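If you want the building blocks of each chain, they are given just below.
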Amino acid sequence: MSRADNLFTLHPDRLFSSNSVERDISRALYNSVKDLPIISPHGHTDPRWFAENDCFNNATELLIIPDHYVFRMLYSQGITLESLGIRAFDGSNSETDYLKIWKVFARHYHLFQGTPSRGWMDYVFCEVFGFEIELNEANAEYIFDTINQALATDAFRPRALLKRFNIELLATTEGATDTLSHHAKLKGTGLDKTVITTFRPDDVVDPQIRNFSKNMQTLGTLTGEDVYSWQGYLNALRNRREFFRNHGATATDHGHATPLTADLSAVACEALFQKIIAGEASAQEQELFRGQMLTEMAGMSLEDGMVMQIHPGVHRNHNTAVFQRFGADKGCDIPVGTEYVNSLKPLLSKYGNEKELRIILFTLDEDNYTRELAPLAGHYPCLKLGPAWWFNDSPEGMLRYRHQVTETAGFYNTVGFNDDTRAFLSIPARHDVARRIDCRFLAQLVAEHRMTESAAFELAHDLSYRLAKEGYQNCLI
Amino acid sequence: MSRADNLFTLHPDRLFSSNSVERDISRALYNSVKDLPIISPHGHTDPRWFAENDCFNNATELLIIPDHYVFRMLYSQGITLESLGIRAFDGSNSETDYLKIWKVFARHYHLFQGTPSRGWMDYVFCEVFGFEIELNEANAEYIFDTINQALATDAFRPRALLKRFNIELLATTEGATDTLSHHAKLKGTGLDKTVITTFRPDDVVDPQIRNFSKNMQTLGTLTGEDVYSWQGYLNALRNRREFFRNHGATATDHGHATPLTADLSAVACEALFQKIIAGEASAQEQELFRGQMLTEMAGMSLEDGMVMQIHPGVHRNHNTAVFQRFGADKGCDIPVGTEYVNSLKPLLSKYGNEKELRIILFTLDEDNYTRELAPLAGHYPCLKLGPAWWFNDSPEGMLRYRHQVTETAGFYNTVGFNDDTRAFLSIPARHDVARRIDCRFLAQLVAEHRMTESAAFELAHDLSYRLAKEGYQNCLI
Amino acid sequence: MSRADNLFTLHPDRLFSSNSVERDISRALYNSVKDLPIISPHGHTDPRWFAENDCFNNATELLIIPDHYVFRMLYSQGITLESLGIRAFDGSNSETDYLKIWKVFARHYHLFQGTPSRGWMDYVFCEVFGFEIELNEANAEYIFDTINQALATDAFRPRALLKRFNIELLATTEGATDTLSHHAKLKGTGLDKTVITTFRPDDVVDPQIRNFSKNMQTLGTLTGEDVYSWQGYLNALRNRREFFRNHGATATDHGHATPLTADLSAVACEALFQKIIAGEASAQEQELFRGQMLTEMAGMSLEDGMVMQIHPGVHRNHNTAVFQRFGADKGCDIPVGTEYVNSLKPLLSKYGNEKELRIILFTLDEDNYTRELAPLAGHYPCLKLGPAWWFNDSPEGMLRYRHQVTETAGFYNTVGFNDDTRAFLSIPARHDVARRIDCRFLAQLVAEHRMTESAAFELAHDLSYRLAKEGYQNCLI
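Chains as they are written, first to last, in the numbering used here: chain A, 95 to 571; chain B, 95 to 571; chain C, 95 to 571.
These are computed hints drawn from the structure, not numbers from a lab. Heads up, a few of these hints could be off.
Treat identical chains as interchangeable: a pair holds within one or across any two.
DSBU-like, lysine-lysine: derived pairs with alpha carbons at most 30 Å apart [stated by the list, open to error]:
id : residue 1 : residue 2
1  : 449       : 194
2  : 439       : 424
3  : 424       : 449
4  : 424       : 444
5  : 444       : 563
6  : 257       : 287
7  : 257       : 128
8  : 449       : 197
9  : 287       : 449
Model, not experiment: these values are computed from the prediction.
With these hints in hand, go ahead and build the complete structure from the sequences.
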């Protein structure tokens with residue numbers, strides 16, 4: 095620890111407007127919700143952590159190497175991924191001195207000024223680890239060592255943190271062919287209703303995904319279905335959905351490139367499927383197949399009550415060189431313009447008026463908040479809007495979301511907050527930001543006499559807890 | 095009335111910033127414009143009301159059943175249209191117990207928190223009917239009965255309300271084949287300059303509209319023109335424009351799916367028209383025809399001085415099942431991405447530099463505020479921007495409009511406020527919102543020393559009254 | 095000067111939030127940067143001014159006739175370009191009475207309320223010329239005469255103003271075939287490091303530009319290369335880049351209609367180039383050629399270190415009649431929707447990971463701030479984002495930029511402010527706006543406890559000075 099360090103703590107009024115009228119209402123609203131349990135119905139933490147309950151290794155492996163928000167920013171400023179400990183497929187040297195990596199991060203911590211990563215990290219340092227200093231190059235080693243010491247204690251084991259973070263529900267996300275062994279281990283621990291899985295069948299639905307053929311084989315093996323016939327394939331998916339439900343899943347998730355849907359005849363489906371299986375489908379036919387599968391998935395959701403999430407509109411692995419050397423999820427996913435109104439029409443024409451169906455739409459194309467998504471969610475019984483996603487899971491992104499969505503969709507066609515993170519330690523930070531921003535938004539409405547204070551208190555509770563909990567409940571239960 | 099009701103009134107500072115510097119300036123500006131007469135140059139009230147001057151029936155038939163903003167939100171939450179009294183074509187049961195419908199609305203009134211509908215409704219309850227309580231399930235019947243009693247009195251007849259609302263001008267909208275019998279009845283009542291019509295020829299210009307052929311026949315009958323020849327057809331439209339002008343119309347309105355325009359040769363026009371008439375035009379040719387007709391209409395506006403409005407960019411009746419059972423205007427219209435720069439070029443190349451032509455552009459695609467519309471309106475003499483429209487006719491929508499449009503288009507390439515509503519009782523509420531938001535925006539500019547106070551007072555008057563009045567005046571008068 | 099004139103001055107807190115907490119922090123931040131030298135790394139001032147150092151003629155020729163922001167607004171309100179002194183090609187009468195033109199401007203000065211032009215003009219009047227009154231029709235002649243008197247003095251010669259404005263660096267922009275004679279004259283004056291050129295090769299890269307063939311001839315003459323062979327052409331461009339670097343250039347600029355890039359094989363390049371030269375290329379092939387040339391230019395930047403700027407997304411000369419009569423840059427350029435993610439992929443796949451390459455992206459399509467540009471700049475080492483451009487070079491536009499870009503790209507993937515102007519006298523006004531808005535944005539972050547005050551002071555300096563200076567330095571020096 096450097097002598098030069100000034101006291102650095104999180105301000106209790108952070109993220110509220112500095113206008114005192116709004117700030118005071120924000121505070122009151124926030125105080126009424128800050129201690130509510132966390133519902134995290136969509137995310138990417140590793141279920142092994144909770145199954146094994148091993149200690150985390152060290153600050154770098156926990157906070158830097160897996161966090162593509164962090165290393166993308168460093169990479170954009172000319173720092174190599176190797177020097178940050180990211181492993182390349184070719185086995186070329188990547189840094190394994192975790193303190194050295196940590197120091198690179200500390201030296202460049204100013205790059206994160208004004209970004210949500212900075213807010214989450216400061217929260218982790220101050221609230222999770224109790225530091226009262228700001229990370230910098232001089233104190234980097236002290237902070238690194240102190241974190242590592244903490245991580246070695248029982249209080250920082252995954253299950254202890256689940257409890258300390260007041261997490262009532264945490265959904266992970268697994269592919270259709272996952273054995274869910276970690277979730278299985280949780281049965282009998284009292285945590286199997288806390289840590290649940292989510293069914294993400296992209297690996298057997300998207301023919302462009304690496305290992306699609308192998309995944310199909312595995313799907314056949316796991317289910318005993320003839321997955322090379324259209325009906326056998328659908329039955330295999332039904333089978334896996336049930337398997338996932340038996341491991342707590344209440345929702346499915348679909349990460350397609352576009353929200354295109356289709357509603358083909360049975361004959362056309364069969365023919366398209368055979369082309370897909372034969373590896374003879376064009377890119378357009380593959381897109382059509384994914385579209386048909388969204389509609390099939392909606393139909394199955396209507397049967398089994400699973401909530402359906404659609405996360406479209408990302409050009410994955412845009413940086414070919416990085417993808418080829420390091421693989422997916424390396425900070426090279428870039429949003430693209432996304433069209434919902436025509437794309438979703440086939441699905442909505444078939445199932446849009448079903449009250450027992452719930453489809454949660456996400457977007458990275460904020461244009462659609464006012465233009466397409468809020469009007470769609472403000473009409474169709476099956477549609478709800480997911481929260482501000484990914485790059486927009488940030489104070490400004492959340493404010494834009496509320497300002498642009500609420501007037502047309504209302505609050506009750508939204509489903510509270512998702513943290514969507516693999517960064518376990520940042521979960522309380524992220525939910526805290528969401529609660530603060532929602533309270534800030536409500537406070538503005540109260541301060542401008544657009545809502546009563548009592549309505550705002552009710553909504554603060556709904557947005558922080560109830561809508562997430564109810565929005566992801568099996569619709570048929 | 096429930097004993098539990100708290101006093102509930104509209105706050106005099108509602109919709110102003112709670113920052114005291116801005117709020118005080120907002121108040122002063124608003125006080126200077128709040129009593130100005132209402133100019134409502136574009137809307138959808140029923141001219142029969144003013145012609146017949148009958149009492150309105152009851153709260154539900156007046157405030158719920160015709161208001162697709164209201165029932166779309168209820169529908170999105172799983173409430174059937176039948177239970178809200180919306181009549182299906184097939185005559186299947188729809189609720190006719192108006193109190194029961196009213197109670198459904200009251201029970202779900204929280205769904206409208208944060209939406210403009212809520213603000214308009216509260217205004218209607220508090221300001222138009224004088225309630226000092228907030229609608230809820232317990233007081234629903236009391237409010238229903240009280241409203242119904244008021245509606246039975248002379249003070250709540252349509253003409254009395256016109257006067258009470260201080261409406262100087264109210265434009266309705268009628269199709270090209272409308273007989274304008276209600277407007278005709280107003281002649282001699284002293285209201286024929288107050289309640290005027292608007293010429294909306296979509297029914298005889300858009301071949302995809304239901305009953306297009308029948309409308310063409312009617313057009314021929316009404317005008318005595320050979321509407322199956324291109325020149326006869328254009329003459330028939332000229333004839334109807336004149337007929338509409340004789341019933342007060344100063345403007346035309348065009349609700350095309352896109353703002354595409356065309357400038358074909360006479361020969362190509364004739365050929366395309368014959369295909370349209372023969373029902374042999376492809377969807378693309380129908381689109382081209384609508385585009386050509388926008389240019390024709392601009393030419394006629396240059397002849398007769400009528401202001402031309404273009405309202406593009408909506409996927410009408412997106413929910414096929416609802417459309418087939420209940421018809422149009424059932425809350426299923428969804429905005430889509432809209433392109434103006436290339437689409438309008440043919441029209442603008444022909445008429446864009448005409449100072450005697452006035453074309454008012456609207457959008458539901460807010461991206462275009464800064465990117466396309468403000469730059470277009472800030473250059474072409476014939477172009478003006480209409481106010482924030484439909485889903486964006488809301489406090490946040492209006493603020494975005496001013497913040498995004500003003501710097502490039504200025505204030506004087508806009509045309510004040512349109513309420514665009516069929517909900518007569520909400521008209522003062524809507525104009526009040528517009529005046530408050532405009533004053534709030536101006537107050538911010540003053541408070542930040544970007545505009546003098548005296549300029550802001552002048553602009554507040556212009557935005558509340560003068561620009562709407564002058565912007566819709568016949569350009570040749 | 096009219097007796098009726100009230101005192102009119104620029105308020106020291108202009109453009110800051112009127113919220114006192116934010117305002118006080120804004121003031122402190124602004125005071126720390128307001129006297130920093132101006133870095134103007136991208137603009138369109140006339141190098142002749144600084145080479146010749148003649149007095150400017152009069153207020154109208156200096157402030158109105160060359161400023162398309164000003165006359166576009168007047169034109170949009172029905173004032174002819176001729177009456178504003180704009181010269182038509184056909185030699186038809188255009189007003190030459192400069193006082194009369196000035197009075198037209200003064201009479202319509204209210205049209206600019208709420209626009210950035212108004213802010214810049216008021217700054218020029220108050221700060222550059224020392225007026226304490228607001229321009230109006232009554233005082234127009236007094237102001238005109240007073241300005242003209244000042245312009246005749248040595249203190250208002252171009253070089254004196256450069257010094258008074260505290261301009262450390264001013265980049266002009268010249269076409270590839272420009273002889274740079276004015277810049278040559280500056281050698282030895284001590285100003286050759288102050289006034290530098292920028293290499294803008296559109297005239298020999300875009301086959302759709304007027305005089306492309308003639309420009310190619312000139313290029314051959316100037317360089318002695320065989321510009322009709324692909325390699326000779328590329329060598330000629332290399333030659334001109336070096337010539338420009340010898341006149342101070344550190345950057346290139348590319349004003350393509352779209353940001354499309356291509357990475358064709360050498361054989362395909364040769365074939366495409368021959369079609370271009372032969373004038374046989376389709377519009378699509380011309381677009382492809384421009385795309386290939388962006389990639390070639392990036393490759394040359396990697397060789398010679400020149401910073402590459404891409405300014406896409408404008409439909410130039412949209413008003414055909416005005417373009418044909420008056421030429422380019424007459425206020426008829428309209429932004430269009432722009433796609434970056436797929437368009438830039440060929441270039442980024444080839445050079446995106448090069449740390450020694452710097453490409454600065456601009457946009458007029460603000461949708462891309464959060465969706466495409468901030469994610470791209472927050473990942474690729476070679477990419478930086480230019481400031482809010484053209485129509486968005488305004489208080490609101492700059493605020494949207496910071497609010498929408500910062501969370502994903504951070505501050506350090508941006509490059510400070512560009513004034514991009516041909517209006518020399520407005521340069522201090524424009525940089526003052528940028529500094530004020532950046533300080534306002536930072537003040538908000540501090541006031542809401544999202545950033546420490548000390549970080550904000552450092553960033554205020556970086557955004558006002560350092561990032562512009564370093565962002566445009568030759569990457570290899």
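Now for the hints, and whether the structure bears them out:
Within a single copy, residue 449 and residue 194 get their C-alpha atoms only as close as 55 Å, which misses the 30 Å cut-off; across copies the closest is 21 Å, which meets it. Proximity of residue 439 and residue 424 under a CA criterion of 30 Å is satisfied inter-copy only: 17 Å between copies versus 33 Å inside one chain copy. Taking the shortest alpha-carbon separations for residue 424 and residue 449, only the inter-copy value of 18 Å comes in at or below 30 Å, while the best intra-copy value is 39 Å. With identical chains, the CA atoms of residue 424 and residue 444 are at most 30 Å apart between copies only, with a shortest distance of 18 Å across copies and 38 Å within one.
For a Cα distance limit of 30 Å, the shortest separation of residue 444 from residue 563 inside one copy, 27 Å, qualifies, whereas the shortest one across copies, 47 Å, does not. Within a single copy, residue 257 and residue 287 get their C-alpha atoms as close as 13 Å, which meets the 30 Å cut-off; across copies the closest is 63 Å, which misses it. In this assembly of identical chains, the alpha carbons of residue 257 and residue 128 lie at most 30 Å apart only when taken from the same copy (16 Å versus 51 Å across copies). Proximity of residue 449 to residue 197 under the C-alpha cut-off of 30 Å is restricted to the inter-copy arrangement: shortest distance 21 Å between copies versus 53 Å within a copy.
Proximity of residue 287 to residue 449 under the C-alpha cut-off of 30 Å is restricted to the intra-copy arrangement: shortest distance 26 Å within a copy versus 48 Å between copies.
Checked against the numbered hints given earlier, the structure satisfies every one of them.
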